[in-house]
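Build the full structure now, drawing on both the sequences and the hints.
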Amino acid sequence: MLHRFQFGSFYLVLDVNSGALHRVSPVAWEILGSYPADEDAVVARHGVRFGADTVRAALGEIADAVRQGNLLAPPPPELSQGGLSFLRALCLHLAHACNMRCGYCFAGQGRYGGGPALMPRDVALRAVDFLLRHSGPHRHLDVDFFGGEPLLNPEVLKETVEYGLSRAQECGKRINFTVTTNGLLLDDRTIDFLNRRRITVIASLDGRRGIHDRWRRLADGGASYERVLPGILSLVRSRGGRNYYVRGTYTRQNLDFAADVRHMAELGIDRVSLEPVVAPPTVPYGLRASDLPAIREQYLEIAEFCYRRAREGRPFSFFHFELDVLHGPCLKKRVSGCGAGHAYLAVAPDGSLYPCHQFVGQPAFRLGSVWEDDFSLPPLGRQFKQLTIHAKAACRECWSKFLCSGGCHASNYALGGGLDRPWPLGCALTRIRLEAALYLQARLAEVPALLK
Amino acid sequence: MGQHVITVIPAQIREGEPSCQECQVSCQSACKTSCTVGNQTCAGENGEGPA
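Going line by line, the protein sequences match chains H and R. For the first sequence, the working numbering gives the first residue as 1, with consecutive numbering after it. For the second sequence, the working numbering gives the first residue as 453, with consecutive numbering after it.
Errors might be hidden in some of the hints.
Claimed, not checked - No more than 20 Å apart at the CA atoms, straight line, and that leaves these computed lysine to any residue pairs for SDA-like:
id: 1; chain 1: H; residue 1: LYS173; chain 2: R; residue 2: GLU474
id: 2; chain 1: H; residue 1: LYS158; chain 2: H; residue 2: ASP122
id: 3; chain 1: H; residue 1: LYS332; chain 2: R; residue 2: GLU474
id: 4; chain 1: H; residue 1: LYS332; chain 2: R; residue 2: ALA463
id: 5; chain 1: H; residue 1: LYS385; chain 2: H; residue 2: GLN362
id: 6; chain 1: H; residue 1: LYS332; chain 2: R; residue 2: GLU467
id: 7; chain 1: H; residue 1: LYS332; chain 2: R; residue 2: GLN473
id: 8; chain 1: H; residue 1: LYS332; chain 2: R; residue 2: GLN476
id: 9; chain 1: H; residue 1: LYS385; chain 2: R; residue 2: GLN476
These are calculated hints, taken from the structure and not from any lab test.
As structure tokens, this is what we get:
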């Protein structure tokens with residue numbers, strides 16, 4: 001199974017089943033459009049345009065790549081999703097409250113459809129124990145502090161980190177902590193703690209002041225750009241280009257979002273993620289299929305920007321382009337995705353468990369509680385475990401399946417019409433992003449020293 | 453290096469061990485930045501299989 005695509009001036013071919021990527025000549029590109037085929041027929045078909053000798057040379061190189069397993073590789077086996085489930089990660093909702101009122105917030109201003117709440121200390125520590133107890137053989141675990149705004153509950157956050165580090169060490173495991181914050185409460189003292197404990201930080205900034213302030217408003221309705229920027233930049237400067245991402249959201253109202261990426265780079269931020277809003281096309285800011293050509297141009301521009309920065313010796317990391325081309329995930333991970341609902345659970349302030357942070361507060365998706373001594377994964381969790389690319393009809397013939405793993409369960413449920421029905425517009429956006437990421441790899445390959 | 457087919461990324465999809473102790477492929481925190489599994493790194497020995 002091949003995916004041929006053009007990005008910038010490059011002709012590229014992804015061998016879907018092996019993950020190999022090739023930059024090809026125009027004649028090889030044409031040949032691969034209906035390959036394999038009889039050599040004489042191929043020469044007859046393309047020889048007039050490219051010359052018979054050129055066509056034969058291209059055929060020879062294509063045959064070599066096939067022999068090496070880099071083209072037209074057979075499909076990998078469909079792995080069983082049976083067996084025990086072990087936890088790898090928890091998302092702790094430290095605060096169902098927020099000091100901002102972002103217009104596109106999926107979490108109902110941080111309250112997830114309920115009242116305001118902070119996670120008590122005993123729930124947070126119990127959640128750490130729950131993770132360690134149910135993690136089986138996994139040695140590397142993750143805990144993400146989320147909200148609302150998790151820094152509204154700072155003492156519980158700090159105590160959970162200290163407790164988690166200590167308990168993990170006793171168990172011969174490691175926990176990596178992450179905090180996702182809007183940046184309003186990132187003062188020097190907090191940054192110092194996060195740095196000392198090597199906590200990954202994801203801080204929110206949408207880009208240019210006007211774009212950011214359009215949706216990201218303070219609780220009193222005021223603009224937030226000036227208020228969040230000092231803390232975010234202070235954090236960035238303290239991190240030496242590691243262990244953080246500044247992430248933003250683009251909507252239909254900034255389809256020139258490459259300018260927002262450049263703006264953040266000009267601020268000195270060198271690790272950026274900018275992602276599409278997840279919203280139906282019926283709302284004014286929701287992306288539409290007709291926007292895709294413009295969006296593709298923006299990703300091309302961002303890829304060229306990343307390339308220029310790499311050439312200048314000032315690498316700029318755009319999260320979605322950071323494909324690990326040599327040590328990427330194993331097949332099991334590629335077909336099964338994020339693990340929500342079985343390897344990854346979200347914990348609400350009262351200890352209730354949900355498949356991930358996006359399902360929190362939806363009674364039909366409650367999986368249990370950290371207070372259950374004999375917790376076992378309920379049928380809904382096992383259903384999530386079966387949501388592989390093989391279970392999704394739309395994924396079977398899609399070229400991006402081993403890279404996107406079938407998309408986000410929550411987006412699929414909210415906008416695709418079911419857990420096993422990928423959101424078509426989300427898929428289109430992901431495919432554009434992946435093409436741009438692959439293009440950047442091909443671009444960097446022109447200067448081998450730039451490749452990781 | 454050929455002129456018609458330049459391999460940028462060699463074949464990379466391989467079977468793994470579902471209970472690999474070293475697994476650090478984590479979309480859970482990364483998904484706050486809309487993760488795709490492809491940009492995660494395998495931490496197993498030599499990039500494959502359990503330690």
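Straight-line alpha-carbon gap LYS332(H) to GLU474(R), limit 20 Å: 14 Å, holds
Hint consistency between LYS385(H) and GLN362(H) [alpha-carbon to alpha-carbon, up to 20 Å]: Distance of about 19 Å is within 20 Å: holds.
Proposed proximity, ASP122(H) with LYS158(H) (alpha carbon, max 20 Å): Since the Cα atoms of LYS158(H) and ASP122(H) sit roughly 13 Å apart, the hinted pair holds (cutoff 20 Å).
20 Å Cα cutoff - pair LYS173(H), GLU474(R): Holds - the C-alpha atoms of GLU474(R) and LYS173(H) are around 10 Å apart, at most 20 Å.
Straight-line alpha-carbon gap LYS332(H) to GLN473(R), limit 20 Å: Roughly 14 Å between the alpha carbons, so the hint for LYS332(H) and GLN473(R) holds.
20 Å limit on alpha-carbon distance, applied to hinted pair LYS332(H) and GLU467(R): Cα-Cα ~7 Å, so holds.
Restraint status (C-alpha distance of LYS332(H) to ALA463(R) at most 20 Å): Holds - the C-alpha atoms of ALA463(R) and LYS332(H) are around 16 Å apart, at most 20 Å.
Holds or violated: LYS332(H) to GLN476(R), with C-alpha atoms at most 20 Å apart: The given pair, whose Cα atoms are some 13 Å apart, holds under the 20 Å limit.
Restraint check for LYS385(H) with GLN476(R), where alpha carbons must lie at most 20 Å apart: 18 Å, holds
Consistency with the previously given hints is maintained throughout, with no hint failing.
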